[in-house]
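**Student:** Sequence:
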Amino acid sequence: MAASDLSPGDRITYKQLSHALAHGFSPIVEVESQDGIYTVRLHHANGVSTLTDKAGHTCTYSGTGEIRERLGELGLTHGVLTWDDQCGDEMIGVPGHAMTPEERLTHGTRIAFR
Numbered sequence: 006m007a008a009s010d011l012s013p014g015d016r017i018t019y020k021q022l023s024h025a026l027a028h029g030f031s032p033i034v035e036v037e038s039q040d041g042i043y044t045v046r047l048h049h050a051n052g053v054s055t056l057t058d059k060a061g062h063t064c065t066y067s068g069t070g071e072i073r074e075r076l077g078e079l080g081l082t083h084g085v086l087t088w089d090d091q092c093g094d095e096m097i098g099v100p101g102h103a104m105t106p107e108e109r110l111t112h113g114t115r116i117a118f119r
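Position in the sequence shown (from 1) plus 5 gives the number in our numbering.
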């Protein structure tokens with residue numbers, strides 16, 4: 006298998022992820038909460054890939070249960086739950102800055118898939 010087959014672009018489907026994992030792909034899984042809607046991003050040596058459906062639309066979930074089951078079925082054991090809801094509180098004048106991907110992963114919460 007060519008190395009490019011294991012290096013997805015900025016989008017990856019569940020089927021592509023399953024294939025890549027079977028051939029040695031080992032990403033850091035980020036489950037991001039955005040006001041109660043969850044998305045999955047996979048951090049790897051060549052960047053970050055978002056889990057999408059066959060049409061290329063970002064997969065969204067209303068909870069972490071389905072994510073846990075689907076990714077656990079693929080053999081993934083854990084990920085990092087992150088939040089991108091707020092970066093400050095403008096109501097009381099607390100300044101903030103958008104977190105970098107590294108900061109989100111560092112300050113996220115480890116979650117189990119199986």
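The set of hints was computed from the structure by calculation and includes no laboratory data.
Check each hint, because a few of them may be wrong.
[Said to hold, decoys possible] Label-pair distances were calculated between CB atoms; the ranges are: (1) H24 to W88: 13 to 21 Å; (2) K59 to H112: 31 to 39 Å; (3) H102 to S23: 17 to 25 Å; (4) G29 to W88: 28 to 36 Å; (5) V53 to E74: 17 to 25 Å; (6) N51 to L79: 15 to 23 Å; (7) E74 to A103: 14 to 22 Å.
No residue lacks a Cβ here, since even glycine has one placed at the ideal position from N, Cα and C.
**Student:** Which numbered hints does this structure break?
**Tutor:** Checked against the structure, the hints that fail are numbers 1, 3, 7, while the rest are satisfied.
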